[in-house]
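Colleague: Residue numbers (our numbering), protein chains in the order written: chain P, 1 to 448; chain W, 1 to 448.
To be clear, the hints were calculated from the coordinates, so they are not data collected in a lab.
Treat the hints with care, as some may be off.
Since the list gives no way to pick one copy over another, a pair counts as held whenever it fits inside one copy or between any two copies.
25 Å max Cα-Cα, derived PhoX-like pairs, lysine-lysine [unchecked claim]:
(1) K202 with K68
(2) K330 with K387
(3) K376 with K387
(4) K202 with K190
(5) K202 with K381
(6) K190 with K387
(7) K180 with K96
(8) K376 with K202
(9) K326 with K387
(10) K376 with K330
(11) K190 with K326
(12) K376 with K326
(13) K4 with K387
(14) K190 with K180
(15) K391 with K376
(16) K68 with K190
(17) K180 with K202
(18) K4 with K376
(19) K4 with K391
(20) K180 with K53
Number of protein chains: 2
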Amino acid sequence: MSHKALPGFRDFYPAEYAVRAHITDTWRRVVRRFGFMEYDGPPLEPLELYTQKSGEEIVGQLYNFEDKGGRAVALRPEMTPTFARMVAARAQALRKPVRWFAVPQLFRYERQQKGRLREHFQLNVDIVGETDVLADAELLSIAIDICRALGLTRADFFARVSDRRLLNALLAHLQIDEAKWPAVYAVLDKLERQPREVSLDKLREAGLSDATCDAVLGFGALQTVDAIRAVYGASAEVSAHLDTFAEYAAHLDALGVGEYLRLDLTIVRGLAYYTGIVFELFDAQGEFRAICGGGRYDRLLLGLGGVDLPALGFGMGDVVLGELLKARGKLEAVAAEGADVWLVPHEGTPVPHVLTVASCLRGADVSVEYVLNAEKLRTRKSGAQLKDAQKAGARYALVFRESHTAELVPLIESALAPADRLLVDTSGWRADAPDAAALAPLLTALGR
Amino acid sequence: MSHKALPGFRDFYPAEYAVRAHITDTWRRVVRRFGFMEYDGPPLEPLELYTQKSGEEIVGQLYNFEDKGGRAVALRPEMTPTFARMVAARAQALRKPVRWFAVPQLFRYERQQKGRLREHFQLNVDIVGETDVLADAELLSIAIDICRALGLTRADFFARVSDRRLLNALLAHLQIDEAKWPAVYAVLDKLERQPREVSLDKLREAGLSDATCDAVLGFGALQTVDAIRAVYGASAEVSAHLDTFAEYAAHLDALGVGEYLRLDLTIVRGLAYYTGIVFELFDAQGEFRAICGGGRYDRLLLGLGGVDLPALGFGMGDVVLGELLKARGKLEAVAAEGADVWLVPHEGTPVPHVLTVASCLRGADVSVEYVLNAEKLRTRKSGAQLKDAQKAGARYALVFRESHTAELVPLIESALAPADRLLVDTSGWRADAPDAAALAPLLTALGR
């Protein structure tokens, strides 16, 4: 038999699962601080849910098939269509703004490349029903707070932010035909990654004059509201969008994350999708792909779900983020944890007494292990059982002495050593009615 | 566009997600008390992983297809084959006993019936590398502790337990041909659910004498070790297995869960699979299918993974368990929670100050909401914003007064009212450097 997962799929052994849980737990903890509620949908959906949004060409990247009832179905490649379907189905009843998040596993049949997986976990955070730029500011501050909660600082990452409306106003002001905008967006999107001459050629091919080409190629250097205003402030429309952007920046300052913001007109993202402020979080050293991307998509719910509600959201995957955290040394303390307490019986300790002590501690939410074999529990030397405990990564051993007393012994560095040698009298402990007073000193010593 | 999930698949709106999270969080919390570590595998696996264990006939119940690389694949219908694959791949290196758990979503193309879903979440708890009956006792005590942690008591559920080795010894003692055992097992499995005459006919068809039929039909009434010993104690083999079962029962007593145990020889479970003690948890009122099932499967890893290690485990799904919890009123307090604190600005409160206070509180892991629109934050009457907070289910409002003070007001019954009217001075709060001393009284009032 094959001892391997499918190519592009991951086995999560406890060590790898601990990293995944560290990331997803942090996602949940931070997003909840902002009052968001978790939802989920099916990992398998009707195929048309995706082709309706992205066209038939997406099918080539999907895990799609016909189910036994003859339905065309696909493993979800993204969460937004499910989100749109669910919001649309209860659009009237839902309190606005809707503030929801999800942590789905997503699937794409990508061509196999180094580091490219065919599944990943992705945090999706969305707000529906609010047009004000304060919602945009709150959304970005969530993404930034997550990265900070994971230990990253301004030296590690920043946010590149643009506004599709501002960009449109600039192109309109430069009198570029709307039919040419997609070509211009495509050039802007690659401005930092391709030689200036290539960009210039493509703009010329699109039919822009040399002066207009120069102006567009200069967008990358305009990295503040003031810089854009100095050149294009004469346009009332541009000026109005700059005012909005300045308000956005002021909200981010008040939310304590202003230093992460970089206005960057070369951030474009999905053409047919976004309608307002768009953003991506990037590794400051430029080693990795974007950590996160999102923005305002005010027309998508109408197209996908048939309800006309403004919306904005972002997605953050576990793979690039995990690579960045690892490269920056932020995962070194993350590991599958051993038990809080390992029980080491004395030669004369009856097995039922060991089990009773285990049960009492577990009842207080302390994780407890011991040698899972009655004969060994009775006969294996205490020293050998203490070594079992150490190998298993237990924080403490509870070493039974004579007359039903037991001593708490710290085993790993991060375990707090009790101020004095802690001897507990366990003689009165009962599994069916744990004695809180008898347990208390032990729980205190364990830092509970 | 269709506004529905596929038949048999669930949308989890926040209210339904809260129930799912209540169950899965409790699973994780309790299983960790026993020192188990979480793992996961891919939801999509090679088809042969399942046909190898269950034969080609399982394909009719699977979501299987050919992927774009021509591989025969299937959505996982159960976790054990993945578990076996992962353990086998690192069998040498893993510390024994392996104590792992997982909470996978599983998929079966079941014929649509009332309440039958095509996906569910299932806790899988497994121990590998220990033959002693103490491991069997620990395993059952985990399943029982989970149900207790969810609020169920001895009045709500109990465990039916048998031992395949004991049953085999009884059949051997009755001199029933081993070739007839599968037929006898099939009758035992349905003993409680089909009329005695039907069972009798089937045993006669299998070629059992009338006296032997009577003996087998009497198995259901033998519900204690002593009762079985009284009839079959003369067999040394039966007697040895009864000793083991008595030891198992004693361990469960010491672990504080002995009262849940009922010896029941009609619990059979998978024929080709289990080799020792097997168990199922049942609703005491007999309304629902089994909540949970498992046991010892000492030969499965050899067959599936090519490593000869003893093993035992159980699976517990979220669907039947959820139905039982609901029927017994144990989900009434479970709901998607509103924010801890809703900020209600005074007419003169500057918006940046509201955002700064939000940011400071969120930095202390307090969840905070406010009206997500700067204009409304400035102009909407405090009374109306307080109503927003109540509708959203916030626990407290922090109502801004003049001169940067704010009052904490409890909004829901379960919120602790501060002993005195709590007025906080927020004038010195800064988002980039929250002042722990300034926050402290508020955190104390919030029960942090």
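Colleague: Please go over all the hints and tell whether each is borne out by the structure.
Modeller: Evaluation of the provided hints:
no., hint, verdict
1, K202 with K68, "neither (48 Å within a copy, 34 Å between copies)"
2, K330 with K387, "neither (30 Å within a copy, 42 Å between copies)"
3, K376 with K387, "within (14 Å within a copy, 63 Å between copies)"
4, K202 with K190, "within (11 Å within a copy, 75 Å between copies)"
5, K202 with K381, "neither (78 Å within a copy, 54 Å between copies)"
6, K190 with K387, "neither (58 Å within a copy, 48 Å between copies)"
7, K180 with K96, "neither (37 Å within a copy, 65 Å between copies)"
8, K376 with K202, "neither (76 Å within a copy, 45 Å between copies)"
9, K326 with K387, "neither (31 Å within a copy, 45 Å between copies)"
10, K376 with K330, "neither (40 Å within a copy, 40 Å between copies)"
11, K190 with K326, "neither (27 Å within a copy, 55 Å between copies)"
12, K376 with K326, "neither (40 Å within a copy, 43 Å between copies)"
13, K4 with K387, "neither (33 Å within a copy, 56 Å between copies)"
14, K190 with K180, "within (16 Å within a copy, 73 Å between copies)"
15, K391 with K376, "within (17 Å within a copy, 59 Å between copies)"
16, K68 with K190, "neither (44 Å within a copy, 30 Å between copies)"
17, K180 with K202, "within (11 Å within a copy, 80 Å between copies)"
18, K4 with K376, "neither (35 Å within a copy, 56 Å between copies)"
19, K4 with K391, "neither (28 Å within a copy, 51 Å between copies)"
20, K180 with K53, "within (23 Å within a copy, 59 Å between copies)"
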